[in-house]
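For the record, the sequence lines run as chains B and A.
So in our numbering, spot 7 of the first sequence is number 7, and the numbers just go up one at a time.
Count along the second sequence starting at 1, add 121, and that's the number in our numbering.
Keep in mind the hints are simulated off the structure, nothing from the lab.
Nothing here was measured: the structure is a model prediction, and the numbers come from that model.
Keep in mind that the hints are not guaranteed to be accurate.
To be verified - Some but not every residue of chain A turned toward chain B, in silico, with C-beta under 10 Å: (1) Thr130; (2) Leu133; (3) Phe263; (4) Val275; (5) Arg276; (6) Gly278.
For every residue, glycine included, the Cβ atom is placed at its ideal position computed from N, Cα and C.
Here are the chains, one letter per residue:
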Amino acid sequence: METVLTLMVVALYAAGVYLMLRRSMVKLLFGLALLSNATNLLIFTCARIIGGRPPLVEPGQTVLAAPYADPLAQALILTAIVISFAILAYAMILVRRGYDLGEADDPDELSKAIPEEARPE
Amino acid sequence: MIVALPVLTPLLIAALMICLWQSPKARIGVSILGGVLQLVLGVALFAQVLPAGHLVTQFGNWPAPFGISFVADYLSAGLVLMTGVLTLAMIVTSNVDVDSRRRQYGFHPLFFVLIAGVCGAFLTGDLFNMFVWFECTLLASFVLLSLGGEKKQVRGGLQYVVPNLFGSVIFLSGIGLLYGATGTLNFADLHQKASLVHPGLLASISGLFLVCFGLKAAVFPFFSWLPTSYPTPPPVITALFAGLLTKVGVYALVRTFTLVFPMEGIIQTVLITLSCLTMIIGVVAAASQKDFKHILAYHSMSQIGYMTAGLALGTKFAFAATVLYMIHHSLVKANLFLIAGSVERTSGSSELPSLGGFHKARPFLAILFVLMAASLAGLPPSSGFWSKLFVVQSSLRIEQFVVAGVMLAVSLLTLFSMVKVWNEVFLKEPKEPIPPLKSAVDHWPIAFVAVTVLLFGFWIQPFSDYALEVGQQLSTPQIYVEAVLGVAR
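In isolation and in its complexed conformation, chain B is listed as follows (with noise of 0.2 Å):
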């Protein structure tokens, strides 16, 4: 299971990072998205991947019993899934808002498309 998890990161990886090197905003967004979720993947592989035990302590005990698979990695995903959302949605509306002014989906263009001297309307 962890050899699929990884080879699945390292893929999620690879496609984040050739989109995002691609020259449209809109592959950016991909890529990004792509590669926080390849972190969160990588974070759950890295905590053991044991199914069909959850963490819980018996009665009786003070501590888990070994094997088990760490609750706490799962938590930092929960957050940092609700971090990346927050800003992969402010990064979509930036790119909206950059399409509206220069009606460019390169950034080159984006650059070329808006004059040095602009100035609020």
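Chain A: place on chain B using the hints.
Below, chain A alone, put in the same frame as chain B:
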């Protein structure tokens, strides 16, 4: 409890600001109150940490490695105090600098969320919590940068957002791998368990942290976002970013590379090389700029090199130099951006060819600029001189002559750029007559920060004593560990 207050107070103020959405006058009043509170809390925290050495708060009373701890040592307390000084100066300036449309769209709440995020990153004792504060700061800064939605801001915003998001992803990957290797995220606990990890694995993970914090601090070759995005928003926001945001990156580097990762071998060589390149490339790029704010932005980056060089040298004295430099540079650079803002408000531009004549029209501003520029270049007896003295001396002590040479050469080039700005903005005959000053508030915050910088320069003893104490604390992490985890372990 006092440890968490510099974070909780601005968050509360931000919430209050949202409640006051409909009443702009009340928001200005509360914002100034918030600025004063931030400074008072900074002073109070510093005064409490000074005798104790470390103050620790465990949230929810969970014992250290399990809950989230907030730790104020000399370094954190000093930086929070510095944040307080800058908050007050910025919030007062923002009332003349930020237009009412931007204020209408939530400038004030975002400003205080940013301050909370910065203080949180300085005070937290937990790596993942640091990530959360980083994101909190980042999100507020994203919106502040593009608030107003001007074309140049959108372009600058994209150039700022994408590298920083990539940095965050790398940060999170580093956290995941480090957690997998050690099973903990508390700095003190990490310090104890990091030595059990295979050194090769630890070095690779530390590489990830070097890249992501280097990116946030704008170290070469991860700097390109800084000079393109910093000059785009209103100057007070730029001043805030230049004063605080890059320092958060440097602080994170200092914290992780003194507590968790060893600063040795290839990582040390890489960081020393990158620091020297950052200094040189920043200053050379600044020399070729023709815009007041662009020159300052490139210098920001060049000066970061001095701080990371101090960290990379890795001695007690070099750590002290880094801390001294961080505080000096935050105050001076933020103030220079405020001066640039005042100039831009008057003439509507910050491009050197269209400026001139400010030494006659604004003699007070001219004096303030000379003081700040001299300090940035390191002329004695200014704060910059002492900071540079410390950092050069620490590199000479361990016979890193090339580093010392680079530092001295770069400070000469800094002086060149500052003289250029002086000639173009202040001395040159103006093309159009300069209108009289609209309100005196314009110069107060600049003078306020200038006084702290002068204090730093002329009364260096307490500052250098403080910096040496920080160096002592950073080079003996055992004390930090004992303060957080309890002595018995």
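These are the hints, each one checked on the structure:
no., hint, in the structure
1, Thr130, "violated, 23 Å"
2, Leu133, "violated, 21 Å"
3, Phe263, "holds, 6 Å"
4, Val275, "holds, 5 Å"
5, Arg276, "holds, 6 Å"
6, Gly278, "holds, 5 Å"
Of the numbered hints given earlier, the model fails hints 1, 2; all others are met.
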